[in-house]
Amino acid sequence: MIPFRVSVVAAIAAAFFLLLIFELIRSRRLQERYALLWLMTGAVILLLSVWRDALRLVAEQVGIAYPPSALFVVGFLFILVVLLHYSTVISELSERNVLLAQDIALLEERLRTHERATESLRAEGA
Amino acid sequence: MTEAAHAKRLIAIVPALNEAATIGRVINEIRSVDSEFAILVVDDGSDDGTGTVAEAAGALVCRLPFNLGIGGAVQTGYRYALANGFDVAVQVDGDGQHDPSQLPVILAPLYAGEADVVIGSRFAGVGSYRAARVRRLGMHVFAAVVSAIVRQPLTDTSSSFRALNRRSLSLFAVDYPHGFLETVEATVLAGKYRLRLKEVPVTMRERELGRSSLTIPLSLFYTAKVLLAVFVSLFRRPALRLEEEP
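Just so you know, the sequences run in chain order A and B.
Take 12 as the starting number for the first sequence in our numbering and just add one per residue.
Take 1399 as the starting number for the second sequence in our numbering and just add one per residue.
The set of hints was computed from the structure by calculation and includes no laboratory data.
No residue lacks a Cβ here, since even glycine has one placed at the ideal position from N, Cα and C.
Among the hints, a few may not be true.
Stated by the list, open to error - Sample of chain A residues at the chain B side, in silico, Cβ under 7 angstroms:
no.	residue
1	L35
2	S38
3	R40
4	E43
5	V109
6	R123
7	R127
8	E130
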């Protein structure tokens, strides 16, 4: 049996979570490409807390005796996926960061070479 | 072109990713339409020497250190145009799909002061654009959704063959979408910023090299993604304060 209170609390929490994500996107503090997984997480948890039969079915299929625990398992899995996604994002960002630093260093060297060349041209002209 | 047209400074922005085979021809064609055009190729992290070929053909070249995606590449061009005092910017894709001989058609409404953003449409009557049925269906869905949002009938919101005046240029230089099919979202953004949109019918060529690699499930996924992006951009706080009408 799923205690009614568990469903209500989980649904309210998931709804607040979704509202928070939506507000973060709206105020431009979260890009929607990074919000997609969070939105899915919130939506699935909301769905499973409101649709009690579905949660019971999931719990039965997986062999979880106490259905609200299935809610934890689902939430936990989604958070794992989100974290893994972030790891790939961080890897890409750090790679790009190195490239950018190198590009700036190379540009600065070219600029200084140019400046020296113009300087000596001007000295010759004078 | 008219005298007023020649008083304006024009720039063609050509985003290109691995288009070494076609980029030279695109540059020459733009120049032969109007030699007044400054041509800026934004090389979006190509590894086939696109930038070098473009430079040899006499274009200005911005090389991005890594692939930013089409939105980021085009915005680089808008920022260049804004910083260097250009009045009109037109996007011409580096793959040769956009026919530079159509440039006067796209520029005319800007010169007439009828619009801030002019979109070259494949489905507004002229020419026959061929594409896979699913792809076309997606394009029509976007057009219908965006038309409803901006309250103006548009037939082709995924076309990237577009011209901007100084007003729209300065907005897009600061706020431009970077997602997949960014032009759809950009059209909504234009509506949000109360820019005047106008569509003109143009003919486009078949892609010269390369084919779209999208499978049906993937296209469905991307369609959903673009629609979500459009939906989100409806509610998102604008990055810029709206200007008062002059």
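Hints, verified against the model:
Proximity of L35 (chain A) to chain B is violated relative to the hint, the smallest CB-CB distance being about 11 angstroms (cut-off 7 angstroms). The restraint placing S38 (chain A) at the interface with chain B holds, with a minimum CB-CB distance near 6 angstroms, inside the 7 angstroms limit. For R40 (chain A), the interface hint is violated, since its Cβ never comes within 7 angstroms of a Cβ in chain B; the closest pair sits about 10 angstroms apart. Hint on E43 (chain A) holds. Least Cβ distance to chain B is approximately 5 angstroms, under the 7 angstroms limit.
The restraint placing V109 (chain A) at the interface with chain B is violated, with a minimum CB-CB distance near 10 angstroms, outside the 7 angstroms limit. With a cut of 7 angstroms, the hint placing R123 (chain A) at the interface with chain B is violated, because the nearest CB-to-CB distance is about 20 angstroms. Below 7 angstroms, beta-carbon pairs count as interface contacts, and R127 (chain A) has none with chain B, the closest being about 23 angstroms; its hint is therefore violated. The criterion of a C-beta within 7 angstroms of any C-beta in chain B is not met by E130 (chain A), whose closest approach is roughly 26 angstroms, and the hint is violated.
Hint compliance for this structure: hints 1, 3, 5, 6, 7, 8 are broken, all remaining hints hold.
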